[in-house]
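> Once you have looked at the hints, place chain B on chain A.
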Amino acid sequence: MKREPGFVTNNFLSATELGTISKQSESELYFNTAAIAVIYRDNSVSRLYFYLSSIDSVWSLKNLIKVSKQRPLVVDCVGKGEKLEQLANALSKSGFVPYKRMSRWRGDRIRFFPELAKQKKIFFRACEKHLEGIAKLLVENFDPFVSHLPDSKKLSHLIKDGLVFCAAEEIEVQAVACLEKVGKRGIYLYQYAVATGCRQIQMGSAIFQYALHQFPECSNFTSWTTDDNTPSNRIHEKFGLYRDGLKDIILLYQ
Amino acid sequence: METILGILTNLRPEFDFGQSTDFIEDGYLDSFDLVSLVSELEAEFGILIDALDIVPENFCSLEAIAEVIRKSGGEVG
Numbered sequence: 001m002k003r004e005p006g007f008v009t010n011n012f013l014s015a016t017e018l019g020t021i022s023k024q025s026e027s028e029l030y031f032n033t034a035a036i037a038v039i040y041r042d043n044s045v046s047r048l049y050f051y052l053s054s055i056d057s058v059w060s061l062k063n064l065i066k067v068s069k070q071r072p073l074v075v076d077c078v079g080k081g082e083k084l085e086q087l088a089n090a091l092s093k094s095g096f097v098p099y100k101r102m103s104r105w106r107g108d109r110i111r112f113f114p115e116l117a118k119q120k121k122i123f124f125r126a127c128e129k130h131l132e133g134i135a136k137l138l139v140e141n142f143d144p145f146v147s148h149l150p151d152s153k154k155l156s157h158l159i160k161d162g163l164v165f166c167a168a169e170e171i172e173v174q175a176v177a178c179l180e181k182v183g184k185r186g187i188y189l190y191q192y193a194v195a196t197g198c199r200q201i202q203m204g205s206a207i208f209q210y211a212l213h214q215f216p217e218c219s220n221f222t223s224w225t226t227d228d229n230t231p232s233n234r235i236h237e238k239f240g241l242y243r244d245g246l247k248d249i250i251l252l253y254q
Numbered sequence: 001m002e003t004i005l006g007i008l009t010n011l012r013p014e015f016d017f018g019q020s021t022d023f024i025e026d027g028y029l030d031s032f033d034l035v036s037l038v039s040e041l042e043a044e045f046g047i048l049i050d051a052l053d054i055v056p057e058n059f060c061s062l063e064a065i066a067e068v069i070r071k072s073g074g075e076v077g
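The listed protein sequences correspond, in order, to chains A and B. Residue numbering for the first sequence follows our numbering, starting at 1 and increasing by one per position. Residue numbering for the second sequence follows our numbering, starting at 1 and increasing by one per position.
Pulled out of the complex, with its shape left as it was, chain B reads as follows:
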């Protein structure tokens, strides 16, 4: 989770992602951020996220992101 949080914080340093329960609803991430985030996650976890999984609900929280990483074959501590 720390790795995911680090990537998110690096992407949008002005937000405290630990304080949000829904990154999309809170306006922390938009479509441009999602593409950057997917690219960072793929590089960091050595995975390939399926295009059909690149939907906002899969990136709205730390748990949701961890789940999509696991689904893509990655390991989240």
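Here chain A stands alone, though its shape is the one from the complex:
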């Protein structure tokens, strides 16, 4: 199928990662000559990867996934420009419902605002006792259809690796920033969130700055936000990040 000139896929996983997915008991694989569908459970969400001989094969894909009982199916279409829009349009004409749009942000440095560092709220590297509070805050703040939230095992690993920062009173977490290292010089801002009662006091900006300034050796910063998340988009701009043009159009198949 890959030899077809119009071949299109939304799969960004390596063969190894696909192999891991295929071993999950809830994973499903459907195929015909025009389309391949891989459905798998990502925590509480069913995600769909597809391979199409061309965009016109979207109808074929729809016929394949009708068999699956998993609903809704979440489809991430990642790319740039007109091709991405054409794919999203073809999917929406076939019964997939456009849900959210995300943009990738990049930057080679994070601006520093001294006034934010003076905030009384103390940030620190999270430890295992905060795991439950962090997981709760993430679930409360993020839409699982949009965000690939870490499960408790992954969160525990990130905490052990010193990549999770928070503000907390005892075990009640008020703000959190989860990062991932990408190679030696890259940082991916996985998620950051502030509890409802702690907003409007620039805590989002403060933890953003605090967490990302813990890695002076890093010079590549990456993050994703939904296009309608104005507060977060403003924070990204404030710290000098820019949208690099890569988009993720998320659609649902009910």
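Simulated from the structure, these hints should not be mistaken for laboratory data. Given the structure is predicted, the values throughout are model-derived calculations rather than measurements. There may be inaccurate statements among the hints.
In silico contact screen, one side only, chain A against chain B (beta carbon under 8 Å); selected entries [stated by the list, open to error]: (1) Phe12; (2) Thr16; (3) Asp108.
Glycine included, C-beta positions come from ideal geometry on N, C-alpha and C.
Showing chain B alone in chain A's frame:
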């Protein structure tokens, strides 16, 4: 090599790929970039890169990329 360098620079113009010894370790390329890169290489060199070869270590340097192109039947000057 110039062609590969051109594709990489077009993909991530903010980086000087000539200065990096490991594009992945230096954070120059992530999984999204790899898929775009594979697609560009296939079109430019008229090859089909095997899915099993799409692993980060095959795209971490100019030499590694040239090698995977050769393995896929392409010619690199």
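> Work down the list of hints and note, for each, if the structure agrees.
Hints, one by one, checked against the model:
no.	hint	in the structure
1	Phe12	holds, 5 Å
2	Thr16	holds, 7 Å
3	Asp108	holds, 7 Å
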